[in-house]
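Q: Given next are the chains, with one letter for each unit.
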Amino acid sequence: AAALTGSASQYSTSEKPNSFEEITNYNNFYEFGFGKEDPARYADRMTTDPWSVEIGGLVERPGSYGVEDLAPDNALEERIYRLRCVEAWSMVIPWLGVPLASVLSKAGIRPSAKFVAFETLYRPEEMIAQRGGGIDWPYHEGLRIDEAMHPLTILATGLYDKPMPNQNGAPIRLVVPWKYGFKSIKSIVKITLTETQPLTSWQTLQPREYGFYANVNPEVDHPRWSQATERRIGAGLLGGRQETEMFNGYGDQVAGLYAGMDLAKNY
Amino acid sequence: MQALNRALRKLPEWSAWLLGTIPLALLVSDVMTSQLGVDPVREIEHRLGRTALYFLIATLAVTPLRQLLRVNLIHLRRALGLLSFSYALLHMLAWAVFDMALLWGQMIPDVVKRPYLLFGMTGFVILLALAVTSNRFSIRKLGRRWHKLHRLVYLAALLACLHWLWALKLWTGWPLFCTAVILILLAMRLPVLRRARA
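Chains as they are written, first to last, in my numbering: chain R, 1 to 267; chain E, 268 to 465.
Calculated directly from the structure, the hints in this document are not laboratory data.
Check each hint, because a few of them may be wrong.
Claimed, not checked - Keeping only pairs whose Cα atoms sit at most 30 Å apart, straight-line, the calculated DSSO-like set for lysine-lysine is:
no.: 1; chain 1: R; residue 1: K190; chain 2: E; residue 2: K436
no.: 2; chain 1: R; residue 1: K106; chain 2: R; residue 2: K16
no.: 3; chain 1: R; residue 1: K16; chain 2: R; residue 2: K36
no.: 4; chain 1: R; residue 1: K114; chain 2: R; residue 2: K16
no.: 5; chain 1: E; residue 1: K380; chain 2: R; residue 2: K265
no.: 6; chain 1: R; residue 1: K114; chain 2: R; residue 2: K36
no.: 7; chain 1: E; residue 1: K380; chain 2: R; residue 2: K36
no.: 8; chain 1: R; residue 1: K265; chain 2: E; residue 2: K436
no.: 9; chain 1: R; residue 1: K162; chain 2: R; residue 2: K16
no.: 10; chain 1: R; residue 1: K162; chain 2: R; residue 2: K190
no.: 11; chain 1: R; residue 1: K36; chain 2: E; residue 2: K436
no.: 12; chain 1: E; residue 1: K436; chain 2: E; residue 2: K380
no.: 13; chain 1: E; residue 1: K436; chain 2: R; residue 2: K16
no.: 14; chain 1: E; residue 1: K277; chain 2: E; residue 2: K380
no.: 15; chain 1: R; residue 1: K36; chain 2: R; residue 2: K190
no.: 16; chain 1: R; residue 1: K190; chain 2: R; residue 2: K114
no.: 17; chain 1: R; residue 1: K106; chain 2: R; residue 2: K36
What the hints assert, rightly or not - Here are the computed distance ranges between Cβ atoms for each label pair:
no.: 18; chain 1: E; residue 1: A363; chain 2: R; residue 2: R45; range: 35 to 41 Å
no.: 19; chain 1: E; residue 1: L419; chain 2: R; residue 2: Q242; range: 34 to 40 Å
no.: 20; chain 1: R; residue 1: T204; chain 2: E; residue 2: L419; range: 35 to 41 Å
no.: 21; chain 1: E; residue 1: V298; chain 2: R; residue 2: V220; range: 42 to 48 Å
Claimed, not checked - Chain E residues, not near chain R, derived (Cβ > 12 Å throughout):
no.: 22; residue: L278
no.: 23; residue: S282
no.: 24; residue: W284
no.: 25; residue: A368
no.: 26; residue: L369
no.: 27; residue: W413
no.: 28; residue: L416
no.: 29; residue: L422
no.: 30; residue: L425
no.: 31; residue: C445
no.: 32; residue: V448
No experiment lies behind these values; they were computed from the predicted model shown.
Don't be surprised by glycine CBs; every beta carbon is placed ideally from N, CA and C.
Generate coordinates for the entire structure from the input sequences, incorporating the hints supplied.
A: And the structure:
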C-alpha cells in the first residue's frame, strides 16, 4: 500500500512513540483471539477493501460512505497520542486520521442527537474468534455527542505513515486518547447517532467493572486491579512503572466535559 | 505395569529436578535471544506462573495415578511439589521486580485489596509452609499433624486457579481447562468417590 502522510498537529505529544513492531504485535482485538499476539497472527484474513461505513440515525444525510469519503488521504493529520489500556499498560502511537467531528458534519448532525454508537465488522468467516462466545458480537462502543465532537477524538486510517494494519483496526477506527483503549473501537462499519445512551460491549458484559465513560482515572480502580500506575510497553525488564495521569494527561483539554459529574459513579 | 513401576522406581529424585529445570532454561534462553515478543515482562511473569501450576497438577496427580492405573511416582512427589513452589517463588519475584518495580507503597495495599493477588499470595504462603516442612525431620517431628498440614495443598491449588481466573478480562479455554483438571484431581479425593472405587 502507498505511503501516507499527515500534517503535524498541536495535539501531538512530544513523547517518543513505540516502535511499529511493538504497536502491531501487541494488540487486544478479541475478534481474532484473546492473546495479545493473536491479532497479528490472524487479522490478515480480514478483507478491508471494499469497505463502507453506514452512517445513520439522527443525521441529515444517512447512507453508506467509503473510507476515502470520510478520511481523504490529503486531509490526514498525524496525532501522536498516549494510549492507556484498562489492563494498566500503555504505549505512544503516531496515528494518522481526521477529527471525528469532520466526519459527523459530513453526515449532518440533527439537533436531537445526544450520543454516537459505533459497531465493528461482524464476519465470523474471517474473524475467527467471533465463532466462539465471550462477547456479544459485533463489538459495540459509544460516546456522548460532545465527546465525539471534541477535537482530540479522531477516526484513524493509518499509523507511522502506513495504512492502518489489520490488527490495529483497519481500515478505519476510533481513537479517544483520554479513555481506556477499549473505547477506541476498531474496524468500524456502522456509526449511528442516537438520542439515548447506547449499550457498549464491555458494559453489557461486566457493568460493575466497565462503565460507559471509561475515562482514564488513577483514582478509580478497576474492581480487580489498581489503575494508579501503568507499565509502558517497550521500557524493558527494569523499565518500572509510571504514574497514570487523570484523563491520560489530556485533562486540560477534556476535564470541562465532565464538570460537576461524580467520576467515581460515572466511571 | 509392574515392569513400568520397576523402571520408574529406579528414577532418582534428581531426575525430577532435572526435568523441572527445563522450563526455566527455555525461558532464560528465550529472554537472552529476545524471543518473548513485545512485552517480555508479562511473558516471563505468566510463564513462570503457569509452570508453577503445571507442577502443582503433576503433584496432585501422583496419588490418583497410583490408585487408578497403579503407576507409582510417589518417590518423585516431593520434588514435584518443591518445583511448583520454586516456580511460584520466581513468578512472585518477577511480579515484584519486573512488573511492580518494587513499589512497596502500591504492592502491599494491592495484595490486601485485590482478590486475585490475595488468592495468589495466600496460595504462595501455603506452598511456602509445605516447602519448609517437606524434609524428613519435619515429617518425624510433626507426626500426624504433618499430614493434616500438607492437605492444605488442595486449598493452594484452588487458590492458584482463582488467582489466574480473577486476573483475566474474559474466561477463556486454557485457564478453564486447567481449573477443570484440578477440580477433577481434587474430587477424586472426596470420601464418596474414594469409597465408590474401593
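Q: Of the numbered hints stated previously, which ones are contradicted by the structure, given in increasing order?
A: 2, 4, 6, 14, 17, 21, 25, 26
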